[in-house]
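Make the full structure from the sequences, and use the hints.
Chains as they are written, first to last, in the working numbering: chain A, 1 to 542; chain B, 1 to 126.
Hints are supplied without guarantee of correctness; some may be wrong.
Chain B side only, calculated, beta carbon under 8 Å to chain A, not exhaustive [to be verified]: (1) Q33; (2) A52; (3) V107; (4) A110; (5) E111.
Beta-carbon label-pair distances, calculated as ranges [said to hold, decoys possible]: (6) G148/A x R112/B: 56 to 66 Å; (7) V76/B x P250/A: 27 to 37 Å; (8) V76/B x L540/A: 47 to 57 Å; (9) L168/A x I61/B: 22 to 32 Å.
Think of the hints as simulated: they come from the structure by calculation, not from any bench. Even for Gly, the Cβ is constructed at its ideal location relative to N, Cα and C.
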Amino acid sequence: MNPYLIPAIVAVTLATLAIGAYGLRLARTTSDFLVASRMVSPTWNAAAIGGEYLSAASFLGVAGLILKHGVDVLWYPVGFAAGYLALLLFVAAPLRRSGAFTLPDFCEVRLRSRKLRRLSTAFVVFIGWLYLVPQMQGAGLTLHTVAGAPYYLGALLVGVVVTANVALGGMRSVTFVQAFQYWLKLTALAVPAIFLVLQWQAAQRPAVTPAVFHSDTAVVVEQRATLSLADGSTMVVRPGERLEFPAGTPVPRVSTVEYEDGLEWLLPGDSSGDRGLFAAYSLILATFLGTMGLPHVLVRFYTNPDGAAARRTTLVVLGLVGTFYLLPTMYGVLGRIYTPQLLMTGDTDAVVLLLPSAALGEGTLGQLLGALVAAGAFAAFLSSSSGLLTSVAGVLSTDVLGRGSVRDFRVSALLGGAVPIVLALNVSGLDVSHVVGLAFAVAASSFCPLLVLGIWWRGLTDIGAAAGILVGGGAAVGAVLVTVLGPALTGWTGTLVQQPAAWTVPLAFAVMVTVSLATRNRVPVTVGRTMLRLHAPDALRL
Amino acid sequence: MVTRPDARVRIVLAEVARQRAGRGRTSADLAEQTGIGDALLRGLVRAQLALAVRLALVVAIGLGGLPLLFAVAPAVAEVKIQGVALPWLLLGVAAYPFLVAVGWAYVHLAERNEQDFTAVVQRPER
Chain A
1 MNPYLIPAIV AVTLATLAIG AYGLRLARTT SDFLVASRMV SPTWNAAAIG
51 GEYLSAASFL GVAGLILKHG VDVLWYPVGF AAGYLALLLF VAAPLRRSGA
101 FTLPDFCEVR LRSRKLRRLS TAFVVFIGWL YLVPQMQGAG LTLHTVAGAP
151 YYLGALLVGV VVTANVALGG MRSVTFVQAF QYWLKLTALA VPAIFLVLQW
201 QAAQRPAVTP AVFHSDTAVV VEQRATLSLA DGSTMVVRPG ERLEFPAGTP
251 VPRVSTVEYE DGLEWLLPGD SSGDRGLFAA YSLILATFLG TMGLPHVLVR
301 FYTNPDGAAA RRTTLVVLGL VGTFYLLPTM YGVLGRIYTP QLLMTGDTDA
351 VVLLLPSAAL GEGTLGQLLG ALVAAGAFAA FLSSSSGLLT SVAGVLSTDV
401 LGRGSVRDFR VSALLGGAVP IVLALNVSGL DVSHVVGLAF AVAASSFCPL
451 LVLGIWWRGL TDIGAAAGIL VGGGAAVGAV LVTVLGPALT GWTGTLVQQP
501 AAWTVPLAFA VMVTVSLATR NRVPVTVGRT MLRLHAPDAL RL
Chain B
1 MVTRPDARVR IVLAEVARQR AGRGRTSADL AEQTGIGDAL LRGLVRAQLA
51 LAVRLALVVA IGLGGLPLLF AVAPAVAEVK IQGVALPWLL LGVAAYPFLV
101 AVGWAYVHLA ERNEQDFTAV VQRPER
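Structural data, given as structure tokens:
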């Protein structure tokens, strides 16, 4: 086993905890957060937002999906980045000027309704949990891949570390930890990527598709499956069996793993025709409109001094996140050459972790780079889950359990952390990126219409907003629950349920507008003053 | 500040006069939600929304049109530049600078809208 690995992971975890503990002494109350905000420049703030945003799905999941499905899933990273453009265009500056700290706060500022506040709290908690699960899944997968530890150990480790850290007060307001995590993640992918590309060049640029073993490879079977070999024959394999493939053999197809190969992998569109196109658009819509509704993204905007700074920060975030997403694509593509066995085992989310040692050999260089990538992955789990759990615990403590005292916050953090840990231990079979995509779909069908209509349309009422969130968001939640817990669906029903955004987002907007028009007499009397506050330039200070 | 509509409010002429002098007529219109102030604000909101929607459309057509283009004209997807298929270059690389460019244009134009608004509000009285 790689000797640098455990020290690297331990170092990242300890660094996070240590800076978190240091921050505990610096920042005790919300007002410290506000004071700190005046000292944070847009660049630091943007790096912090990027650090919190780039999660397991970005660091591991995107490359894994590209390895399996090719060009069609490039929409995931493009959408994750484009989400910040939507945030910039429709939400950033007015939201900052509103002074709302969380989404429930925004409901109260704009629509003056306690009931709506409680409803949106429920959605913040659901989205937060849904997004926390894949982080812990990713941690379990990472420890399993690089150190052979059982899956539950990694999930439990990150879950417990993050919960304890947030409950003890670390990570709150610690902008510099998150900013550090962004640069660590970028370095952890960028440095190995340079060596990988050089290696690929030196090997005369072997073709990436069709999938062929480029060196002698042994695969140990983990579950019963049917292999379809290149010559057309099939064989049934049992757990524990060891299969040897000499260099040059095409990768056989395994009945339990779905992936694309050849031109299907290389070119857009797939065999499912219209359904594939629908799924692509649904995914684009979910990621484009979902980012603005993620609870941990919104909180960070409060650290900008004013609306104009919020805009500039978002623009820098867009640049930072875009730069990062150039890298996972490279890992996914090169994985076809150096780790084709993942197409048989189905553990494609592990490609980023395995690639350095697979391509560069088990020498010191390969091991060091492998440890760097694993450290970056842990930075991704720790920073995203800390941000998410802080947001979830924040709304739980102020709106559900108590009145927001420090003790309430700690109890909420324990509760908020326990639920996703239990879920993560039970859903190991799903793709990390797919679960994250579902969280985006729920956010896009509940909070996106609330924010966009709340900011730009005077006619929105509390009942209209509640109806839209319940119908659109509720439909998306139902689709998520069926996908995660229910039976496997195929055909159009399957596509509509697995990629729900294309119908739930328009539904939410339509219901919100229609019901608001029907309850026109409930438009808050203060709407004019609120609009002035949201849109008047900062320089006027009205 | 929140006051009940029936609450008694003390008004001192000197204070009102001082406020007016410092902020100008239009600014007071805005703060007091008079017809003029309201119309000004609606104009600003409309301008900002139109800008955002226009740039969102640029992205919707520029990026969102790609799946449709590839579906309708598969030959476009097979073009290769330096040995790399066009869809990979467009989605894997070019999409990000494009998004940043649109974002930059938005920040620039939105700030100009706000400067125009501020100029109208703070125009010296004649």
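Hint check:
The criterion of a C-beta within 8 Å of any C-beta in chain A is met by Q33/B, whose closest approach is roughly 5 Å, and the hint holds. For the restraint placing A52/B at the interface with chain A, the shortest Cβ-Cβ distance is roughly 4 Å, inside the 8 Å limit, so the hint holds. Look at V107/B: its Cβ gets to within about 5 Å of chain A, closer than 8 Å, so that hint holds up. Restraint check, A110/B versus chain A: the minimum CB separation of about 7 Å is within 8 Å; hint holds.
Nearest Cβ of chain A to the Cβ of E111/B: about 7 Å, under the 8 Å cut. The hint holds. Roughly 59 Å separates the CB atoms of G148/A and R112/B, a value that falls within the hinted 56 to 66 Å. Checked against the hint of 27 to 37 Å, the C-beta distance between V76/B and P250/A comes to roughly 29 Å, which is consistent with it. Checked against the given bound of 47 to 57 Å, the beta carbons of V76/B and L540/A, roughly 49 Å apart, stay inside it.
In this structure the hint that L168/A and I61/B lie 22 to 32 Å apart at CB is violated, the actual value being about 49 Å.
Hint 9 from the earlier list is the only one contradicted by this structure; the remaining hints agree with it.
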